[in-house]
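Given next are the chains, with one letter for each unit.
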Amino acid sequence: MTSPVGPRPAGQGTLAVLALLEWWLPEGVGDAIAGDLLEEAPSHSRWWLARQVADAAVRVPLARLRSGRHAIPLLLGALAAGIVLVAGDAAWHVVLSAVPRRAGHEAGLGWRCAMAVLAGGAASVVSWGSSRSSRRA
Amino acid sequence: MPPAVLGEFELLVLLALVRLGDDAYGMAVRRELVDRTDRDVSVGAVYATLDRLEEKGLTRSRVHDGPAARGGRARRFYDITAAGRRAVRESQRVLARMLDGLDLGIAG
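Each protein sequence line maps, in turn, to chains A and B. Throughout the first sequence, residue numbering follows our numbering, covering 602 to 738 in sequence. Throughout the second sequence, residue numbering follows our numbering, covering 26 to 133 in sequence.
Please note that the accuracy of each hint is not assured.
[Unchecked claim] Stretches of chain A that chain B covers, calculated by requiring three or more beta carbons in the stretch to come under 8 Å of a beta carbon on chain B: (1) 620-633; (2) 636-647; (3) 656-668.
[To be verified] Counterexamples of contact, computed for chain B against chain A with all Cβ distances above 12 Å: (4) V30; (5) E33; (6) L40; (7) S116; (8) R118; (9) V119; (10) L120; (11) L129; (12) G130.
For the record, the hints were derived by calculation from the structure and aren't laboratory data. All figures in this text were calculated on a predicted structure; none of them were measured in a lab. The beta carbon of each residue, even a glycine, is placed where N, CA and C say it ideally should be.
Chain B on its own, in the form it takes in the complex (with noise of 0.2 Å):
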């Protein structure tokens, strides 16, 4: 099967996981993204987006127990899983294909 076809935020969500290891939690995902890009991204946008890569299999997901902080809710914690590793690798690939030799006309 072909790896899977990314979007932007997907491929950056894929990349905070990596990032993470065993520590990708929905709000430490939302911080990484925040801290890396400069952009205000939403917990909503983070957990919109990991349920629909779990869903095409590139991510999977196991709950544990959370500090007293959370009310007595578990944290989702979110691994990346080898299909999602493969359309990383492809994003990247294509990325690069895309870019070589071009020249965008900027400085720097």
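Isolated chain A (complex conformation) (with noise of 0.2 Å):
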């Protein structure tokens, strides 16, 4: 979608969106694909920059882990996730155990998968962007 206003520079959150979608990419392939649509932004909306980001830093490390590469980083990110689950779900538990009990006090199901899906996905990128940055250096 190109924007109806004509082009205009890319702004300090575009600029801090495509640096941090060039550190989480591949080497190689990270930069190239910020400095495209760096190049491409002031063509088009916000809207489409965004959903071009979120399909590149999704779909990247996806084909990688395809394609046998990088399968270490994303499995261990994968095992520390699970590490995380199971230590914040026991976490949870105290934290309930040491309050006094209420009627409804029983925290929903629906509440601890957010926070276990939190929890894993947070270990997930650390993982991920840890391994990425050690191949950086």
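Put the two chains together into one complex; each comes in its own frame, and the hints tell you how they fit.
Take a look at the structure:
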């Protein structure tokens, strides 16, 4: 979708998001995609740019995983996510047992699942990101 | 070694590389695909495919300085290799053999 108001310079937010994307993606691909998107950004809407960034951030690592490359950092991420899930669930039980019970005080399954997904996702992101940083170093 | 088996999108990307010649970088490939196939193609899909094709030895890439609008980031240009050309030819041959003599029952 082309912006109806014509080309505009990329803002600080766009620059920051593209720098983050460049860091996140594998070396050689990340800088090329970030450069292409920065070049194209003035001619497109923010929504178009956001969709391109989100798509690349997920698709490129998954493609590498499917081809067998970068499997180890992602497996380590999954392992770390599992450990965080178990530890987080145990900690949640401790918190619940430490406070006086009242009717309806028990956390709902949806809330606990949301916390677990957040914790697992954070662990995977940290694992993948640190593997990216160590490869660049 | 037999030619690599190509997926449909891989074939389209390789054909775009042939069309673009020396100007084949990711966003140019995306534009070529959007213009010629009328599909909404993401730059992530293009680069993921180019990355996979390079891993298979069907493309190779080189880096050149880009314009200032890229914030100092280089452009990565892609070429189709001889193995890539053989894979395209093989896909074309297989498709022709599969279509040979078929009546798809569609007018026009």
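Q: Check each numbered hint against the structure and report the violated ones by number, ascending.
A: Hints that this structure does not satisfy do not exist here, as all of them hold.
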